[in-house]
Amino acid sequence: MGLQVKTMAEWMAEGKEPEVLFWVGSAGAFDDRAKKITRAFVKILNQAGVQFGILGTEESASGDVAKRAGNEFLFMMQAMTNIQVMNAYNVKRIVTTCPHDFNTLKNEYKELGGEYEVMHHTEFIKKLIDANKLKVSSSMVGKKITFHDPCYLGRGNEIFDAPRELLKLTGVELIEMKRSKRNSLCCGAGGAQMFKEAEPGNKEINMERTEEALGLKPDIIVTGCPFCNTMITDGVKYSDKQDETQVLDVAEMIAQANGL
Amino acid sequence: MEYIPQILFLILIVIGFGLFGKSVMRIRRNILLGKDLDRSDNSSLRWKTMAKVAMGQSKMVVRPVAGTLHLIVYIGFVLINIEVLEIMIDGLFGTHRVFAPLLGGLYTAAINFFEFLGVLVIIACAAFLYRRNVMKIGRFHSTEMKGWPFKDANYILIIEIVLMSALLTMNAAEGAYPVGHEVGGPFFISGLIAPIFAGLSYETLHLIERVCWWAHIIGIIFFLNYLPFSKHFHIMLAFPNVFYSKLTPKGQFDNLASVKKEVELMMDPNADPYAAPPEADPNAAPQRFGAKDVQDLNWVQLMNAYSCTECGRCTSNCPANITGKKLSPRKIMMDVRDRLEDVGAIIDINKGTFVDDGKSLLHDHITPEELWACTSCNACTEACPVNIDPLSIIIDLRRYLVMEESSMPTELATVMSNIENNGAPWQFAQADRANWVTED
Chain W
1 MGLQVKTMAE WMAEGKEPEV LFWVGSAGAF DDRAKKITRA FVKILNQAGV QFGILGTEES
61 ASGDVAKRAG NEFLFMMQAM TNIQVMNAYN VKRIVTTCPH DFNTLKNEYK ELGGEYEVMH
121 HTEFIKKLID ANKLKVSSSM VGKKITFHDP CYLGRGNEIF DAPRELLKLT GVELIEMKRS
181 KRNSLCCGAG GAQMFKEAEP GNKEINMERT EEALGLKPDI IVTGCPFCNT MITDGVKYSD
241 KQDETQVLDV AEMIAQANGL
Chain B
1 MEYIPQILFL ILIVIGFGLF GKSVMRIRRN ILLGKDLDRS DNSSLRWKTM AKVAMGQSKM
61 VVRPVAGTLH LIVYIGFVLI NIEVLEIMID GLFGTHRVFA PLLGGLYTAA INFFEFLGVL
121 VIIACAAFLY RRNVMKIGRF HSTEMKGWPF KDANYILIIE IVLMSALLTM NAAEGAYPVG
181 HEVGGPFFIS GLIAPIFAGL SYETLHLIER VCWWAHIIGI IFFLNYLPFS KHFHIMLAFP
241 NVFYSKLTPK GQFDNLASVK KEVELMMDPN ADPYAAPPEA DPNAAPQRFG AKDVQDLNWV
301 QLMNAYSCTE CGRCTSNCPA NITGKKLSPR KIMMDVRDRL EDVGAIIDIN KGTFVDDGKS
361 LLHDHITPEE LWACTSCNAC TEACPVNIDP LSIIIDLRRY LVMEESSMPT ELATVMSNIE
421 NNGAPWQFAQ ADRANWVTED
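Chains as they are written, first to last, in this note's numbering: chain W, 1 to 260; chain B, 1 to 440.
The set of hints was computed from the structure by calculation and includes no laboratory data. These numbers come from a predicted model, not from an experiment. Only true hints are included.
Capping the alpha-carbon separation at 30 Å, the derived lysine-lysine pairs in DSSO-like fashion look like this:
#, chain 1, residue 1, chain 2, residue 2
1, B, Lys260, W, Lys92
2, W, Lys181, B, Lys326
3, B, Lys260, W, Lys110
4, B, Lys326, W, Lys196
5, W, Lys6, W, Lys92
6, W, Lys181, B, Lys59
7, W, Lys181, B, Lys246
8, W, Lys203, B, Lys59
9, W, Lys178, B, Lys136
10, B, Lys292, W, Lys196
11, B, Lys292, W, Lys110
12, W, Lys181, B, Lys52
13, W, Lys168, W, Lys133
14, B, Lys261, W, Lys92
15, W, Lys36, W, Lys92
16, W, Lys196, B, Lys359
17, B, Lys246, W, Lys178
18, B, Lys59, W, Lys178
19, B, Lys326, W, Lys178
20, B, Lys146, W, Lys203
21, W, Lys181, B, Lys48
22, B, Lys246, W, Lys110
23, W, Lys237, B, Lys326
24, W, Lys181, B, Lys136
25, B, Lys260, W, Lys196
26, B, Lys326, W, Lys203
27, W, Lys144, W, Lys133
28, B, Lys261, W, Lys110
29, W, Lys237, W, Lys168
30, B, Lys35, W, Lys110
31, B, Lys136, W, Lys203
32, B, Lys52, W, Lys178
33, B, Lys48, W, Lys110
34, W, Lys92, B, Lys246
Let's have the full structure, built from the sequences with the hints guiding it.
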């Protein structure tokens, strides 16, 4: 069965409003690896029967990358355009699989006229479970995993528990890296680094982090950010460990546990 | 003649506090060179944060060894300074241990407690010296710590040891007074040192006691005047610095009001694109987007620079620095302070006005290479025991680079034109944004 996805325009044409807007984000829409996370999350939404809409072709970059790179003009133009679109659809609640967009939409849009309740997908899935709309099968017993905190989810917005609680429901054994939660080490992608060569140094940040994770010999390194996913996937490949260790998003873990 | 010591003491105090006051006003003036920023909101949470982070040292003890040692010196410093009150009264009125007869047994207990703390402070300072000079812990030996910053740290520790030793020696000399001359006591720890003075006459002992008493108060006044020129000024500014620190989520960056106005105008369909701009105020400082120099930063960022004690926890947690990049958040803070001191000196020389010296914080102190190494991960702000925010300064400098100098790594220039043209960092058409729904 294909994905059940409706755009906000389609909802509006039916004269209805969905419960929540799923903000896909540029990575989630265009990056091949991130698209798998997007699809996994939609499968979960479909299983839980969530009525959600996407902006589809009306969505544009949130402006996070522009802002962190110092281009406040471009950020504001993106933000104000997106806010106009979302306000026209009377959007009140947003869920997104990208911690960067989560942070920007939640914290930086409100001063510009975009006041929404914004949730990271791990928080949103947690709520679905708490409301008995979704069950997670503990079918992944025996797997050893570690969780890498995305900076803009963890330190940036103090969300440490939601992803960990979800992961435990899948039956896996969660082991923590020495640098975790508040003291987590960045994957190296934030602040627009994802899109540029690193400055001269003696090591790549993603290798520093991946080596720490691989040191625990996990079956899976889990994260909650498309950029972290790319950086750590690259790190695992560079270490030639891709046959032993997978890199997955929390949404993919839940989807896999539930056989979606 | 008998009033001479009191007069000398009065002169010492007046000059000592006068000079200190002058230094404090200079720093205050420098901090206020920064732009306005309203942090008067949410005062109950601010007080709570200050109680926990500054007074309670909650972020210091994240590193247990350094944290515990620091806690000892901090508590010792605060409590032992209660004794300075007595020294002041004694010095001005020619009394000796004025509180002893008033407090009786409580006084003996208090001094015993201070002596105990004093010994702990000496041990902690010695341990700090050991960590810096013998163990050579990495973060105390990075490039920005060469020269004065390294010496500064040692000077502070040595002064503290000297001050505490003077106090103990003074009490010990008194403890050795022959029968008939006893004052206060018994004090346990100085009592252990007292035997070294055995056999000395009362006059000699009294002289030793006086020398130590004066050495202690002169040392305190010297230390007080050393502070404003040292990283050690954090003992004053840590409290307001935490009080005025950012309370919003770490991930949230400020929105530049000046840019917001321009963009709103651009996007307003009713705005007249040919309207003449309003008459500019000829006295207004030229508006810059982002920060090039210290005056473009806000006062909290400048206070951050004076509050930094160069412990280097930010730098040792910075992913860029860990992997050998030039960026060091501590250096950013030290650079801001150095440049601000230079700007302040220029203003002093030119009787209150700043004359452009052809230098600026950006480029002359902080290079674009350092700025572009930042991942904005907030490890530095999390690590700082006094809530300093180097990240906000890095971003303000980046803003200047990008918006005023159009200078950025070429890949980022491409990313920005992609966002402008097709609404994504990559070169994909916006029309393809929902293709993932049907692909598999």
